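J.: Listed below are the residues making up each chain.
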Amino acid sequence: MSEPNLPFSILNEDGSCPERYRALLNDADLLAIHDMILFSRHFDRRMMMLQRQGRLGFYMTSTGEESTMIGATFCLKPDDPIFLSYREIGCLLWRKVDLRLIMNQLIGNSRDLCKGRQMPIHFCFREWGFPSVSSPVGTQLPHACGYAYAARELATGQVCLAFLGEGTASEGDFHTALNFAGVFRVPCIYLIRNNGYAISTPEAAQTAAKSLAARAAGYGMPGLQVDGNDLLALVNAMRWAVARARDGEGPTLIEAMTYRMGAHSTADDPSAYRSEEETARWAKVDNLARLEHHVRWRGLYDEARKQEALARHEETVRALIADSECWPPPPLDSLFEDVFEHANAHLLEQREEYLRFLAWKARRRAGEMAEAARG
Amino acid sequence: MSEPNLPFSILNEDGSCPERYRALLNDADLLAIHDMILFSRHFDRRMMMLQRQGRLGFYMTSTGEESTMIGATFCLKPDDPIFLSYREIGCLLWRKVDLRLIMNQLIGNSRDLCKGRQMPIHFCFREWGFPSVSSPVGTQLPHACGYAYAARELATGQVCLAFLGEGTASEGDFHTALNFAGVFRVPCIYLIRNNGYAISTPEAAQTAAKSLAARAAGYGMPGLQVDGNDLLALVNAMRWAVARARDGEGPTLIEAMTYRMGAHSTADDPSAYRSEEETARWAKVDNLARLEHHVRWRGLYDEARKQEALARHEETVRALIADSECWPPPPLDSLFEDVFEHANAHLLEQREEYLRFLAWKARRRAGEMAEAARG
Amino acid sequence: MAEVETLNMIQALNSALDLFMEREERAYVLGEDVGFFGGVFRVTEGLQKKYGARRVFDTPLAEAGIVGMALGMGLAGLVPVAEIQFADFVYPAFDQIVSELAKYRYRSGAQYTPRVVLRMPCGGGIRGGHYHSQSPEALFIHTPGLRVLMPSGPFEAKGLLLGALAGPDPVIFLEPKKLYRAIKAEVPKGWYTLPLDKAAVLRHGQDATLVAYGAMAPAALEAARLAEEEGYDIEVIDLLCLMPFDLKTLVHSVEKTGRLVVVHEAPRTCGFGAELVAAVQEKAFARLEAPPRRVTGFDTPFPYTLEDHYLPGPERILHALIETLEY
Amino acid sequence: MAEVETLNMIQALNSALDLFMEREERAYVLGEDVGFFGGVFRVTEGLQKKYGARRVFDTPLAEAGIVGMALGMGLAGLVPVAEIQFADFVYPAFDQIVSELAKYRYRSGAQYTPRVVLRMPCGGGIRGGHYHSQSPEALFIHTPGLRVLMPSGPFEAKGLLLGALAGPDPVIFLEPKKLYRAIKAEVPKGWYTLPLDKAAVLRHGQDATLVAYGAMAPAALEAARLAEEEGYDIEVIDLLCLMPFDLKTLVHSVEKTGRLVVVHEAPRTCGFGAELVAAVQEKAFARLEAPPRRVTGFDTPFPYTLEDHYLPGPERILHALIETLEY
Ligand SMILES: Cc1ncc(C[n+]2csc(CCOP(=O)(O)OP(=O)(O)O)c2C)c(N)n1
Ligand SMILES: Cc1ncc(C[n+]2csc(CCOP(=O)(O)OP(=O)(O)O)c2C)c(N)n1
Ligand SMILES: [Mg+2]
Ligand SMILES: [Mg+2]
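Just so you know, the protein sequences line up as chains X, R, H and U, in that order.
Residue numbering for the first sequence is 106 to 480, as defined by the numbering used here.
Residue numbering for the second sequence is 106 to 480, as defined by the numbering used here.
Residue numbering for the third sequence is 300 to 626, as defined by the numbering used here.
Residue numbering for the fourth sequence is 300 to 626, as defined by the numbering used here.
Worth flagging that the hints you see were computed from the coordinates, not collected in a lab.
Label pairs and their computed distance ranges (CB to CB):
(1) X:E476 - U:R586: 34 to 44 Å
(2) H:K483 - R:P433: 52 to 62 Å
(3) H:R322 - R:L415: 53 to 63 Å
(4) R:A377 - U:T305: 22 to 32 Å
(5) R:A377 - X:H447: 40 to 50 Å
(6) H:D317 - U:Y626: 50 to 60 Å
Being a predicted model, the structure only gives us computed values, none of them experimental.
Don't be surprised by glycine CBs; every beta carbon is placed ideally from N, CA and C.
Please model the complete structure; the sequences and the hints are all you need to start from.
T.: Encoded structure:
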C-alpha cells in the first residue's frame with residue numbers, strides 16, 4: 106500500500122495549469138466534459154423550475170459538484186458499475202443514458218424502467234452500469250464491495266465505483282464496506298463527495314477527523330484527498346485509483362472537497378442554516394467556472410460557443426420534458442409485479458380484492474351519475 | 106490532539122523494567138493486582154470445570170488477557186462506569202463486586218440481581234459501575250459515549266471505559282460510537298482487547314489495517330497501541346488516556362495486543378483452527394507469567410506466597426460455588442416483571458393464562474397419580 | 300378551563316417538547332438536523348435557541364449512534380428524546396432498539412431503567428415512495444419492552460407525547476407525517492397528558508366497529524360518514540396507543556356491533572391488523588356476525604406514482620365495511 | 300427409489316450446500332467462521348476444503364457487511380449463501396435486508412434480480428438466554444420481498460434449502476437450532492426440492508387443527524399424541540413455508556375440524572400466530588366452532604433460567620387444545 110503523492114489541486118485561479126498536467130485530458134475530452142457539466146447544470150435548473158411548477162414531485166441538484174461525478178465516470182470503462190448515492194446525475198449523463206429514460210424516471214410515468222415505483226432521482230439503469238439507488242444513505246457501499254468481489258471471480262475485469270456524501274461516511278455501512286473492501290482487496294473505489302453539508306449539518310459537526318481520507322489507513326487502503334472543484338485533480342486521482350484497482354492492488358478511498366451550491370433537495374431551504382457570504386465564497390471557486398477558465402485558457406472556448414451550448418441544452422431539455430409528460434402513469438398491475446419473480450397467493454388475493462373494490466367504485470360512480478342525471 | 110509517544114512495552118523478558126517506569130505502580134498495588142490476576146485465572150479454571158460437570162450452563166474465560174482488564178480498572182475511580190463486552194471478569198474482581206453475586210449470575214439462581222434472565226457472564230452490577238452486558242457485540246460502544254456525554258452534563262467527573270474485542274471493531278457500532286465520541290469530545294476511553302481471534306477468525310481476516318489504533322485518526326482522537334500482556338505498559342497508556350479524559354480533552358482509543366489463551370467459550374474447540382505451536386508461543390509471553398517475573402524481580406514474591414495464594418483462592422471459589430448452588434431458580438413471577446415499569450394488560454393476561462395452565466397441569470398430575478394409586 | 304391555542308401537529312409536538320424541557324432539566328433532544336435547523340419537519344424548531352446547544356444538539360448521520368447514545372444518556376439518568384428523520388431510516392438503529400433499548404430494563408433486573416423516547420415521522424401520502432412512506436409499527440409492537448404510540452391529530456400528539464416523555468418506559472413515538480400540517484385543532488396551552496393505553500371512540504355506532512390509527516383515523520371517520528349516507532351506523536375507534544393497545548374498548552365495541560374492520564397503511568401480512576383481529580376474535584368470538592376484515596397496504600414495497608392505490612382511503616374502507624355488513 | 304442416508308439436520312443442510320455448490324459454480328458461501336472452521340454449528344464444514352477459499356470464505360464480524368456484500372455479489376450474478384451466526388445477531392444487517400435485499404427487484408423494475416439466501420439458526424431450547432434463542436420470523440414475514448422458510452427436520456431442511464437455493468427470490472432460511480442434532484432421519488442422498496409454498500400435514504384428524512413450524516412441529520405432534528389419549532383426534536400441520544404460507548391447506552383443515560390452535564416460540568403480540576388466525580378466520584369464519592387460539596412465547600425478552608416456562612411444550616399445547624375443544 107504505497108500512498109502516492111498526488112496534488113490536491115492542479116488548476117490555478119486564472120485557469121492555467123502546470124504544463125505536465127495538461128496531457129491529463131486532451132482538448133476533445135476536456136470540451137466534452139465541460140459541455141456535459143454545462144448541460145448537467147442547466148438540467149438541474151430546469152428540473153428545479155419544473156418542481157416549483159408542481160410538474161415534478163421532487164428533485165435534488167448536483168450543482169457545484171459536477172466535476173466530481175463526470176470526471177470520475179470519465180475515468181472508468183463503460184461497463185464498470187457505478188453505485189450512486191443520489192446526487193450524481195452527471196454519471197448518467199456522461200454515459201449517455203437515454204435522456205428520455207431519465208426524464209421518465211423523474212416523472213414516474215409508464216415508460217420509467219422502474220415502473221414509477223421510486224421517487225425522482227432514485228435511478229436504476231442496468232444497461233449502463235447503474236444499480237438501483239435507494240434513499241437510506243450508505244447501503245450501496247457494501248454492495249459495491251460484493252459486486253467487485255464477484256467481478257474478480259467472474260474475471261470481467263470490471264472496477265466498481267461507489268459514491269457517498271461526507272455525511273454518509275458516518276453510517277455503519279461505510280465502516281463495514283470499507284473494512285470488507287480492504288480485507289478482500291477488491292477492485293473498488295469509494296468516492297466521498299465532501300460537499301460540506303448533510304442537509305443542515307456542516308462537516309465540522311459530522312466528524313472530528315482532520316479528513317475523511319484519513320480513515321483509509323484504518324482499512325488498509327490508500328486515502329486521497331483532492332480538490333473536487335478541480336476536474337484535473339480529480340481525474341488525476343481517479344486514474345491512479347482505477348489503475349490500481351485494475352491491476353488487482355485493491356481499493357482506494359478518495360475524498361473530493363467540493364460544495365453543495367444549491368439546496369439539499371426541493372424540500373429544503375439552506376438559507377435557514379448557512380450564510381450567503383459562505384455560498385458566495387464557494388461560488389467563486391465553482392468547478393464549472395474554474396473549468397471554463399481552463400478551456401478558455403487553452404483557447405478552446407469563447408462566449409459564442411457558450412451561448413450556442415446553452416441554447417442547444419435548453420432545446421434538448423424542453424423536448425425531453427414535453428415527451429415525458431405525455432405518458433400516462435404506470436398501469437395498475439405494475440403495483441403487484443416484481444415483488445418476487447412470481448406474485449404469491451397472498452399478493453394475488455390482495456390484488457383481486459382491490460380490483461373488486463375498483464369495480465364496485467366504478468359501479469357506485471355510475472350509480473351516482475345516473476342518480477344525478479335523474480335528479 | 107497530541108499523540109504521546111508512549112512505549113509499546115515496558116517489562117523486559119527477565120521481569121525487569123527501566124527504572125523510570127518502576128513508580129508507575131507501587132509495590133502494594135502491584136502485589137494486589139498480581140494476586141487478583143491469579144484469582145481470576147483460578148476462577149476461570151474452576152468455572153470451566155464446573156461447566157464440564159454440567160453444573161454451569163456456559164462460561165467464557167479471560168485467561169491470558171487479565172492484565173488488560175485489571176490494569177485498566179485499576180486506573181479508574183470506583184464510580185467510573187465500565188461498559189464490558191463479556192470477557193472482562195477481572196474488572197468486576199478488581200472492584201470487589203460481591204463474589205456471591207457473580208456466582209449467582211453465573212448460575213442464574215434466585216439471588217441473581219438480574220433474576221436469572223441472561224446467560225452466564227452477561228453481568229450487570231450498577232452499584233459497582235457496570236451497566237448490563239449483552240451478547241450482540243459492539244452495542245455497548247455508543248452507550249459509553251452517551252453516558253460520558255451525560256456525565257459531563259451532570260458534572261459527575263466520571264470517565265467511561267468501554268471494552269471490545271478486535272473482531273468487534275468490524276461492526277458498524279464501533280464506527281458510529283467512535284465518531285460520535287470524537288465529535289462530542291466525551292470523556293470516554295475505548296479499549297480494544299486485540300486477542301488475535303474472533304472465535305475462529307484470526308485478526309488478519311478481520312481487517313487489512315496495520316493496526317486498529319490507526320483508526321483513531323479517522324475519528325479525531327489519539328490511538329495508542331500497547332502490549333496488553335505487559336501490565337505496566339497498559340497502565341501507562343490508560344493513565345494517560347484517563348488524565349486526558351478527566352481534563353476534558355476528549356476520548357482515546359487504546360489497542361492492547363494480547364492473546365486469548367483458552368477457547369472462545371465453553372461451546373468452542375480452538376484446536377480446530379489454530380496450532381498448538383502458536384498457543385505455546387504466546388504462553389511464553391503470558392501476561393501473568395511476565396508479571397510474576399516482575400514481582401519476583403522486585404523481590405516481592407516467591408513460591409511460598411504463590412502456593413498460599415492459590416490455596417486461598419481455591420478455598421474462596423469452593424465456598425462460593427457451594428453457596429450459589431443451594432439457591433433455587435428465580436420465582437416464576439420474575440418472568441413477567443421488568444419488561445416495563447408495570448406489566449401491561451397483554452402480558453398480565455398471558456401470565457394468567459400460563460398460571461391457569463400450571464394449575465391444570467398440577468390437577469392432571471394429581472389425577473394421574475391418583476389413578477396410578479388406584480390401578 | 301385551560302387556555303387553548305389552535306395548532307397543527309408540528310406545533311403541538313413542538314409545544315410538548317418545549318414544556319417538557321422546561322419542566323425537566325434532564326431532558327435532552329438529539330438527532331440529525333434537530334438542533335440549529337430545528338428538524339427537517341421543524342418539530343424541534345426554536346428549542347436549541349431556548350435550551351442551548353448542549354441540551355438540543357445535532358448528531359452525525361448515523362441512526363445507530365443516535366439511539367445508542369440516547370440509551371447511554373438514559374443509563375446515566377438523562378431523559379433523551381431522539382428524532383429519527385424518517386421511520387424508514389430507523390433500520391440502521393434496529394439492533395440498538397430491539398437488542399438494547401427494549402431489553403435493558405428486563406435484563407438488568409431493573410437496575411437500569413432508561414427513559415428514552417424515539418420520535419419518528421411515518422406513513423405515506425406525501426409522495427415519498429419506498430423510503431419516505433413506510434409504517435413499521437408492527438416490528439416495534441412485536442418487540443417486548445417498547446411502548447408504541449401514534450397520534451392522529453394535534454391534540455392527541457401533544458397529550459401523548461407529554462405522556463410518553465413523563466413516563467418510565469422506552470417509547471417509539473410514530474408521527475403520521477401526512478397529518479403534520481393537514482389538520483389544525485384546539486390544543487391546551489399548558490401541560491396535559493393522555494393515557495398511554497387508551498383508545499378514543501371517535502364516533503359511536505351500532506352496526507360495525509371500524510378501528511384505525513394515525514393518518515387512517517381521519518380516513519376511517521370519513522368512511523363512516525359515507526356509510527351513514529348508505530344507512531349504516533359505524534363506530535369508529537382511534538387506537539392512539541398501539542402497544543399496549545386498548546383491547547377492552549375494542550372488545551366492548553365489537554360486543555355491541557358484532558362486526559370489525561381494521562385499517563392500516565402497512566402491508567397486510569403479519570401487520571398490526573392481524574393482531575387486532577386475532578385478539579378481538581378471541582374475546583368476542585360468540586358475538587361476531589361476520590369475519591373481521593382488514594383494509595391495508597399491499598404486500599409490496601411502498602410505491603411512488605401509484606401511492607393513491609396503495610393507501611387505504613375512505614372509499615376503500617367503505618367498500619370493506621359494506622362487504623362486512625352484508626356478509 | 301433414491302438412495303437415502305440417515306442424517307441430522309446439520310448434516311442435511313451441509314449436504315444441500317454441497318450439492319448446490321457442485322451444481323452451480325456461481326454459488327458462494329460467506330459468513331462469520333463459515334470458512335476454515337466450517338461454522339460454529341458446523342453446517343458449512345468441509346465446504347472450503349472442497350470448493351476453495353474464494354468460494355467459501357470467512358468475513359469480518361459485521362452482519363451488515365455480510366448481507367450487503369452478498370447482495371452486491373447477487374447483483375453481479377453470483378448466488379451467495381450467507382450465514383448469520385445466530386438469528387439474534389441479524390439486526391445489524393436489518394437495514395440491508397429490509398431496505399435493500401427485500402426491495403431490490405421491485406424498485407429496479409426487475410432489472411436486477413439478486414438471488415441471495417440468508418441462513419440463520421433461530422429459536423430456543425438450548426439455554427441461550429436473550430440473544431441465542433429468538434424467533435424473529437414475524438419481522439421478515441411482514442417485509443414484502445422476502446421468502447421465509449423454517450424446516451422441522453433433516454428431510455425438510457435439505458429439500459427446502461435446495462429449493463431456496465435454486466429459486467429466484469431472496470430467502471430468509473431459519474434453522475431451529477434446537478433440532479440441529481436432536482433428530483436423525485432418512486434423507487435422499489441426491490438432489491431433491493420441496494415446494495416453497497406448501498405445508499405438510501403431519502397427522503390427520505377430525506377434532507381440531509394444530510398448526511406449528513420449526514421446533515414447535517415435533518412439540519405439536521407430541522401434543523396431538525397426548526390429546527389422543529384423552530380421546531381427541533387432532534390434525535397437525537407443519538407450515539415449513541412461512542412466507543408465502545399455505546393458507547389453502549390450513550383453511551381446508553379448519554373447514555373440516557372447525558377449530559384452530561397455532562403455536563410458535565416468538566412473543567405473542569403481533570407474532571406470526573396473529574396472521575395465521577386472522578387469515579384463517581377470514582376464509583373459514585362460518586365453520587369455526589371456537590375462537591382460534593395461540594400458544595406462544597410471552598411478550599418478554601427470552602429468559603435464561605426459566606426458559607422451559609417460556610417455550611410452549613406439548614402439555615401447554617394440549618391444554619390450549621382442550622380449552623378450545625371444550626369451548
Ligand atoms: C439512513 C438515512 N438516514 C437519514 C436520511 C435522510 N437524509 C437524506 S440525505 C441526508 C444527508 C446526506 O448528506 P451527505 O451524505 O453529505 O450527502 P449530500 O446530500 O451532501 O450529497 C440525510 C440525513 C437518509 N436518507 N438515510
Ligand atoms: C452482532 C454479533 N454477531 C455475532 C456474534 C457471535 N459472536 C460472539 S463473540 C464473537 C467473536 C468476537 O470476537 P472479538 O470481538 O475479537 O472478542 P473476543 O471473543 O476475542 O474477546 C462472535 C462472532 C455476536 N455475539 N454478536
Ligand atoms: Mg454532504
Ligand atoms: Mg478477539
